[in-house]
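Here the structure of chain D is known, so what remains is to put chain V in place on it, guided by the hints.
The chain contents come next:
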Amino acid sequence: MTANNTLPSGQTRIDTLEMSGITKRFPGVLANDSVDFDVKAGEVHALLGENGAGKSTLMKVLYGMYHPDEGQILLNGQPITLNSPTDAINLGIGMIHQHFMLVETLTVSENVALGLPSTRGPLTDLKRVSERILELADFYGLKIDPDAYVWQLSVGQQQRVEIIKALYRGAALLILDEPTAVLTPQEVDELFVIMRQMTEDGHGLIFISHKLHEVIEICQRVTVLRDGRMIGTRSIAATTKSDLASWMVGREVSMTRDLVPMKPGEPRLVFEEIACNSDRGTPALRGLNLEVHSGEILGLAGVSGNGQRELAEVATGLRPATRGRIILEGREITHLSPGVITDLMLSYIPEERMRDGMIRDFTVAENLILREFQKMPYSKNGFLRLKTIDSHSEGLVHAFRVKTPSIETPVKSLSGGNIQKVVLARELSRKPRAIIAAQPTRGLDIGATEYVHAQLLEQRAAGTAILLISEDLDEILAMSDRIAVIFEGQIMGIVKRGEATPEQLGLLMAGVKEESEIA
Amino acid sequence: MISELFTATVLIGILASGIRLATPYLYAAIGETFGQRSGVLNLGVEGQMLLGAFAAFYVSLMTGNLWLGILAAAFVGALMGLGMAYVTVNLQAEQGISGIGFYLFGLGLSDLLFQKLMGSVQTVKGFPKLVIPGLTNIPVLGEIFFNHNILVYGAYLLVPLAWFVLNKTTLGLKIRSVGENPEAADSLGISVAGVRYFTIILGGTLSGIAGASLSTALLNVFQQNMTSGLGFIAVALVYFGGWRPWGVLGGALLFSLINSLQLWIQVLNIPIPSDIAIMMPYILTILVLVLTVSRVRAPSALTKPFTRSE
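For the record, the sequence lines run as chains D and V. The first sequence begins at 1 in this note's numbering and counts up by one. The second sequence begins at 1 in this note's numbering and counts up by one.
If we strip away everything but chain D, and leave its shape as in the complex, we get:
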């Protein structure tokens, strides 16, 4: 830490920031119940909790987006009032949102300059902004090209733009909202290097994450929230991963998944030299080969945008293949319609569950029969058989433990975890022969994730072939019998369970091939 109280960016350090007794109510919900939280200069303080635990609310209070009903915020011991993000920014509080707040069609320097007064009055002063960006980038060891367009940058680089943007605005204290969710392991390492540099220089950082090993690696202290209440603050040195997990969830949690050894069955879902185009008409899959066996979970790892989405869509008939064959149980399904493929018992858990998996405004019951409403027993002669549908839905809601006021509730008012349970209930209850599960636990908390994984493992035990597409390496490593890595529309390599390390997968994900390590 620097001796004086000035940061490399020229801003004054925030030595301490304390939130005490913060209470925030929404109609019918107590989002924060008298929460205490504090950050010091030079530390990374983790804020840990399940979805809906109140982390976002607390941080939005700190960033001036919400006004707390009770409690106060002290900056260097002085009480402050935050009425808008602008107030927070002016006091040196910055936030890196989980979904980047960048305008893709603008350059890096335009994004940084946006909303700031210009030295040239009404004209933009992008040259000066670029110079300052390079200066800051130099101080903090961030590599960035101010003239690049944001759409040209990788996710990791875009995150650096967000950090620069906050530093440029004089952030002394930075809130990082799930910053690693979208990064490759290598990018996470790079981010941690930057974070360590920033704390050494006297910044205070708040790190929000679900990933316990990251919290342990980068943070000095951790505060856990559950159901809007503060459970406690501890020093990382005095805690372990499983402590944190059970503390967060409120019960014992198993961190590993036990895969009952299965004898792999016949290849059930086979891709042969499959090629297809992306929405923009550019090649997305370039001759991809893959075999998913019955009773196996094949994990497909890769950085977002390397053809995962297209692969799922080609297999389910939603996107035409330009070349190659897809075979389900010996039968070619390459050019069949989605309806016919459904009838052949291929189930699909789509990545965008609200867009592709559900009709938001339909009820739980209606969403549960979306695949088969035209068939017996759900309809006859064009009429829906409502009683059958209701009893079927009641049964599924019970079996899959969907928390919903009733089967007549529109799915859009359910929580993310319960929406996914509705999808699972529909897709898994039909006893599929093969399943494509795309990002099945994205955005879900530990409890819901456990549930989804248990359901998939049950399917595996029943002999179903499962293609698990995920950008979460921990999930891939925990759940897969074999791991395939996709890069630019091709399989870079396949590694067996137990033989894979995150580092090796990370290299494959970045397109680096090491012949010796491919099974």
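Source of the hints: derived by calculation from the structure; they are not laboratory data. The beta-carbon is built from N, C-alpha and C at its ideal position, and this holds for glycine as well. Some hints could be false.
Stated by the list, open to error - Taking CB as the label site, the calculated pair distances span: (1) V:N220 with D:R280: 45 to 55 Å; (2) V:V296 with D:I80: 43 to 53 Å; (3) V:Y282 with D:N277: 27 to 37 Å; (4) V:Q92 with D:D279: 24 to 34 Å; (5) D:G281 with V:Y282: 25 to 35 Å; (6) V:Y282 with D:K431: 51 to 61 Å.
What follows is chain V alone, placed relative to chain D:
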């Protein structure tokens, strides 16, 4: 007969009137460009133009002052823009439908006012040709480019001005960011509503002036529904121009030159059925839009109302 088209006088005439006819398209489409770059599709341009055309004409007729007429048209257009902004920004109404509502409102009201206040078609002495010393006298080129009234020149000056504002000023940066990612703009303290109000009102003002250019600078009359679809074509030109002022200029010129050509075909009695001739610019619009679709990406937030998510 067709050979008559290819005499020097006629060719100069086609080009000169083509340049002149682009005037209302330019005002309206440049205004619409600002709105769309900030994420608002205003389909009410035609209605704004009609009311602008009437206001300019009537005020000029009553006061004898053409500039007062322009002012009135700008004011009426701005008021229409204010209404559109309230409906789309505050009430978050569907933009296409609201725009059609504003079009019908402008169409009906301009006709009603015309019937009540004037009753019959009259003419005004419109803006005179503005001679630019040294330029108007150049043979051929002078006749084509520098033999017009001040509103025509103004329309062409608007193009580089709009380009400059959009690309070189902090205001332009705000407009573009609001049209692409309003959440990001909002997170940086930019008022999304404020920017959209500004662009929609600016668009309305320019549409009003576009109407005024018809009734007091090009045709010098007011008739009911005298714009006959011109405002909708202006909206199409924004797409055609890829949301860029220079692209809009290209589209407006192409369109008005074809229009000018068909007018001359009629004047010269060339044996092409006049219905076909009149259709030419419209068929061209459809063709051009079909051929250029997806060439440039529209602003991502176009037609999407903005609400701060919780």
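Hints and how they fare:
| no. | hint | verdict |
| --- | --- | --- |
| 1 | V:N220 with D:R280: 45 to 55 Å | holds (49 Å) |
| 2 | V:V296 with D:I80: 43 to 53 Å | holds (46 Å) |
| 3 | V:Y282 with D:N277: 27 to 37 Å | holds (34 Å) |
| 4 | V:Q92 with D:D279: 24 to 34 Å | holds (28 Å) |
| 5 | D:G281 with V:Y282: 25 to 35 Å | holds (30 Å) |
| 6 | V:Y282 with D:K431: 51 to 61 Å | holds (58 Å) |
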